[in-house]
Structure formats: C-alpha cells, structure tokens
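Peer 1: Take the sequence shown: its letters are residues -30 to -1, 1 to 739, numbered as in mature numbering (1 follows the signal peptide of the UniProt record, and there is no 0).
Since the hints were derived computationally from the structure, they do not count as laboratory data.
The structure presented is a predicted model; accordingly, all values stated were derived computationally and were not measured.
Each residue gets a CB set at the ideal place from its N, CA and C atoms; glycine is no exception.
Some clues are possibly wrong.
In silico DSS-like links for lysine-lysine, alpha-carbon gap of 27 Å or less [as the list claims (entries may be wrong)]: (1) 605 <-> 522; (2) 286 <-> 325; (3) 500 <-> 522; (4) 665 <-> 605; (5) 39 <-> 500.
Label pairs and their computed distance ranges (CB to CB) [unchecked claim]: (6) 63 <-> 435: 26 to 32 Å; (7) 285 <-> 74: 46 to 52 Å; (8) 316 <-> 702: 54 to 60 Å; (9) 142 <-> 611: 20 to 26 Å; (10) 697 <-> 435: 40 to 46 Å; (11) 160 <-> 204: 24 to 30 Å; (12) 658 <-> 627: 33 to 39 Å.
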Amino acid sequence: MDSSMRRREFMAASAAFAAGAMLKPGATLAAIPGAGSAGPLPDYVGAGATAPIRPFPLYDVTLGPGLLKEKQDRMLTFLRAYDERRFLVLFNRLAGRPNPAGVQVPGGWEEGGLLSGHWTGHYLSALAQAASAGDAVLGDKLRWVVTELGAVQDALVENGLVVHPGYLGAKPEDTVLRLGPPRFAIYGQNQDLNTWAPWYTQHKLMRGFLDAYTLTGDLRALEIVCRMADWAHLALTVGDVMHPDYAGPPTREDLNFMWDTYIAGEYGGINEVLVELGELTGNRTYGRMAPLFDSRESLFQACVENRDILVFEAGKQPGRRRQQRLHANTHVPNFVGYMRIFERTGFADYHTASKHFFGMVVPHRMYAHGGTSGNFAGANNNIECFQNRDNIANSIAENGAETCTTYNLIKLARNLFFHDPDPAYIDYVERGLFNMIAGSRSDTNSNSNPQVTYFQPLTPGNRKGYGNTGTCCGGTGMENHTKHQESAYFRSDDDATLWVNLFIPSTLSWTQRGVTVTQETDFPRTQATKLTFGGAAASYTVKLRVPAWATKGYEVRVNGAVQALDAAPGSYVALTRRWAAGDTIEIAFPFSIRIERALDRPDTQSVHYGPLLMPILGTVAAGAFQQLSLYRHLKLDGDYERAAITRSTGMNFVAGGLTLRPHYVGDTQAHSPYFRRAEPEIVFGAVRTGVPNVKRDDDLPSYDVPVTGVVSPGDEGLTFLDVVWDQAPFASHAAFVAAVDAAAATLLTAEQRATVVTAAQSAEAELRV
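Turn these sequences into a full structure, and let the hints guide you.
Peer 2: Structural data, given as structure tokens:
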C-alpha cells in the first residue's frame, strides 16, 4: 500500500455504506416494482439531499421568459429535430442488431472512435431534464431511446459479447477492462491497444439513465442502470478475468494507477451515480463501490491537506502515472462525487478535499468568464490542463477555458454551498451561468448540431466557435441549456427558510410548504426583480442574495414598503414573517462598471457590468491587446460609468472609441475579454503632471519564460494611479489629495511627490462630481 493511501479511512468509508449508511433498506433489482414501466417519481436523492440546505428538484422550478429561456428554446429546437435513431447506430452495430437504412452516426467523437457512446448519455440527461418540464415530444424520444438501449444491453449478453453481464456501450467491453490490470492501457487511438476515458462514457450513460428515472419515473431506465452498476462491480472487483495474463482482481494500488492515467483514467463523476443508485435501491454494494474511484495516490490527500499540486514541479511527481499538469475536466467532477460520498457517510475528508480543491481553482485559476485551464510558455501540451496557480495573464495567450469544466465547477460550487452557505459559491455559479454557459449557446437555431462552444478562449481578438456534435462540450451543452433554473432557489432541511439565489424569471412550487413563488425579471438585461407568493399562508424566512457586485445599493420592498436591511455586497439578507398569497418582494440592484485585474499582471484587465463580463469588440494584431486609458475620466466617486466607460445602445458600452458588449451574446464576432491598461503618465482629469505612472514591485510571479511548475521571479504590481483610485469613492477633494500624497510618499521621489500633490490640489474642478 502506498504511503499516501490512508487505508483505514477508505475501508471505513466503504464499511459505512455496508453497515447501512444508505437510508433505504436493502433491496435487489427484482424487488423494484414494475421494472420496465413508467412509475411515480422517486424521492430526491441527488446533490444536497441530506444537507442542511437543499435544492429543489428540477421539475419544481419552471423557467420563464428571458435570456436563459431564449438559449434553452434554441436547444430544445435542436433536440426535437435531431433524429434520435442516430444515437443507436453504434450500439446496435456492436450488439449485432439491425439499423434502419440510411441512418448515420452522429459524427465527431461519435464516428466509432474509442469514446463513442458518451454523447448518448448526455442526450439522455438533456431529454430527461426537458421532459421533466413537460415537453411531451422529448419525453417520447427519451422513452424510445431507453427502450432500445435496454434491448442492446440484452443482446450483448444473449450474443455472448461480454465477459461480465450488464455491460452497455457503443464500443466493446474490452475497451473498459483493458484500462486495468494486466494491460493498464493508455490514451491513444489504436482501437486494439489504447483506450479513451471508458469509465467517463460509463458515467455519462449511467447518469443519463438515472436522470430518466429520477426526473420522469422511467423504471426501465432504472433497471438498465442497475444492471450497468452490477457489471461495474464485477469489472472493478474481478476485472479482466479472460485475459491470459490475468493475475487476480484489481488492487487498491491498481485503481490508483488507473485513475492517474492521463485521459484514459478519466471517469467523470461515476462515484456520484453509484451513491445515488444505492440510495434509490437500497443495494449497499453500489454505495461501497463509490470510494473505489478515489484518486488516492496523487491528489485526494493533497487536497485534504490543502497542498496545491494541480501542477507540480519537475522531479516532484506525486504519483507513478501522474501528469505534470492535471487535465481540468478529468478531476473537477471527481469532487462532485466526493461530496456525494460525504453526504451519505459523514466522512469529513471528502468535504474538506472538495472545498480545498475548489479553492485552488477559484479564484487562483479562474478567468473573467468563470472558466479555467489554458496554456503558458513552455507547457503547450494541452490547453485543457490546469495552468499554474495564479497564472492568469500569461495563460490566456494561447486559447483554453473548456466549457465542460465550468459546467462541473458550477455543480461543485452549488454542492459546497449546501453544507457551507458562503455567498461566494453562488457568486461563482452566477458568473459561470450568465457569462460562460449563456455565452456557450449560439443565438441561431440548428437542427443538425447543438451549436455550443468547446473552448471559450480569452486570446485578444478571438472568436467563439459553435457546433460540437459528438464532443464532451457538445454533450454538457445539451444538458446546460435544459436546466438553467436549477440553482435559483434552495430550502433549508426543515423548510423554515427559502433561499433566493439567482435572479431568473421562474416559478417555484415549494411542495413541502404548499407555496408557489413567481419571479418576474429580465435579468441580466434589467436591474430589478419581483417575487410574488401564492398558495398556503405560513411563517418562514426568505433569504435574498446580495451579489458581491451590488456595490451601488440593494433596495428591498415587501408589499411596497422599503425594508431596513444591512445589505452588504456578498451576503444574504433575511426577511422573516407570515407570508400569504399575493405578498410581493421587489428588489432593485443597480449595476456598476468595475474592473477586474489578472492576479499575476494587474495591467491585464477585464470590464464587468454587474454580473456580466463585457469584452471589447474588434480584431487586434497577433500578440497584441486592446488598450484603454481610463483614469483621466474619473471623478471623486470613482464611477467608471460616468465618463470612462459609457452606455451606448441596448447592453452595449463604449470606451476609448471601442464597443463593449456582454459575453453572453452568441455569435462569432471577434472580441477581447481582456485588455491592457495603458496609463503612462500621472494625470488628474485634464491636469497633467509629466510624472511617469510608476509601477510598484509587488513581487507577483512571472510566467513569461518557459516554466514547468516553478514560479519565476517577477516584479509586476500596481501602478501609482491604481493605488490611489483603489481608495475611491473619496468623501472630499481633501481626502483625494491626502491619498495622492500618501501614495507619492512611498512610490515617488521628493520632487515628483511635490509636483503630483500640487497637480492634485489644482484639479478640484476636474474631479468634482
């Protein structure tokens, strides 16, 4: 046993499942009533089902008209038009079943390569989510696909095509078994020797079937996924038994080795499915399997201890197969599964590891739109891999920010919130949803592909690329745009508190209370929302989120009366009373323009308007950035919107003759999410000083030279004007002059200080609001 594996903890987690950590009594598939038919919806067992704060099932929240509904409707158009028979072609071919004449495979990664089959799982989840909202057409498609895939599963056994019964896939079972001993296959395209994330594909399929059951009551889907889980148990505890070099079942060391294998060992969040399936059926074997997917050799314990090894230094490899830069979307969903294990066993290390891992990514590897992963000099092997900690400005130079990763980071953030209601988690959910996820869907319809992004690069002058039939991001894209409402509202475990997290036009059915809540807003295109209560009268607390960006005020009215609340940005405010049908809450939250600086290079910046990233439109020369000079426009209140970045038409703004607009717009215009701040001289309005705007040495790391996990010495830091204007708003001109003098005392020569302070004193008229 390797030293990083705490065997007793792992065995204890497994034993907790075996001893009955699952709430339902033991049951077998044969005991599931009506297997193979439609049945009632089961109790919710997903993320947060046992947490102090709990989500509402997707079918309890209906999305209303607005930006997200527009994106959703375009995805539903695609899902309704796309021929569902195409998803069965490769499955039927493997199982020896006939295909209708002329029906083609989906294409892309679903042409027959080693990842084939994964997209079908995403498709099942998207259909289930849409069907749960009442879409009958997609409900019919879902039932047909589930039935046909069940027939494939049967045929694979009947035709003697599997080692272990219950396998279901579009590629032979051997592509999964070869990842383990004795072959330990690696990622590649050789169909006979390599493999490509086979357990990832199993996760997507199992998740899709589980969604079909939990969201629509399809008992045939439950039967299929239980058989898949039975097969998975044999694959992990018996293994590749028919191979001539078989030496016994996979050991814990073997599993560690498998999960550390680049791309091949990617398993998504299959651990979450196994926990939920065990809870639904009472079969404790499923729950015991989930910890088998712990990445114990190189990552889990480091995250428990908050040691950031997402990129490691040369010569300090923490695992036998561990790559230097972790593939981001391989690992984020693992922690979603760890949270599910924590929720069912109570073993705190799973929560601790997940919390620390999220903190290593947000904010330390987060880009302005909520994405992560990118290239940097000397490590251009895969733009899907994590960059060094705090490497933001340099890692945007060559693409990156896989949409899938943001999909999973949002899942992890909301799950962490269920146990630790830190508003920063929902701030991240909002950033990711209204920027990267909303921007991932084209604003045009298509019947042939989902029209979503794979990467959303931050390279200056880049263009989004839409399409992605058959890719991972094409799959999560189908899911993203059929569940936008999932985090709008949460409830406390005792139903004493309703959490209003996101400003999304929607209707909530709080069945536990017999209450409905209708939210009317055109957010983020408007800066207010209204909640109207219906149903039973009752006393409870409503907690309203105050976003971190809400620095211009946050006014709450209940039935028209203004409430006296301490609405600090980045918090929740509570309203406790007896709520009755017809009661209303109106919230106003003016947006403001703010500038966010890259962690490693403060002059590399992004513009935000409230929750929205506002890229600059237009092309730029290769390797160049758009440049803006803004401080000369500021007044004592430091409000950029007053003159520096001003409203144009609609949601567009203008700065320095350049147009800015929301990142959520779904087209292919060239745009720059980041720009370079160009403030060469200390000026106050039109008052010039002739003194250079010197830069403070904040010892920020430099990544402008080839690096391999090693932070290079750097001298980046804030400029003189940054230091001064970061203190805005100023109560008076005298307060401004005092701030100028204090900064000058540490950054300028005595002569420069005198010049600059004199100029600041003379600029009173220039700076007056």
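Peer 1: Each of the hints needs a verdict: does it hold here or not?
Peer 2: Against the structure, the hints:
| no. | hint | verdict |
| --- | --- | --- |
| 1 | 605 <-> 522 | 16 Å, holds |
| 2 | 286 <-> 325 | 24 Å, holds |
| 3 | 500 <-> 522 | 19 Å, holds |
| 4 | 665 <-> 605 | 22 Å, holds |
| 5 | 39 <-> 500 | 18 Å, holds |
| 6 | 63 <-> 435: 26 to 32 Å | 30 Å, holds |
| 7 | 285 <-> 74: 46 to 52 Å | 50 Å, holds |
| 8 | 316 <-> 702: 54 to 60 Å | 56 Å, holds |
| 9 | 142 <-> 611: 20 to 26 Å | 60 Å, violated |
| 10 | 697 <-> 435: 40 to 46 Å | 42 Å, holds |
| 11 | 160 <-> 204: 24 to 30 Å | 26 Å, holds |
| 12 | 658 <-> 627: 33 to 39 Å | 21 Å, violated |
Checked against the numbered hints listed earlier, the structure breaks hints 9, 12; every other hint is satisfied.
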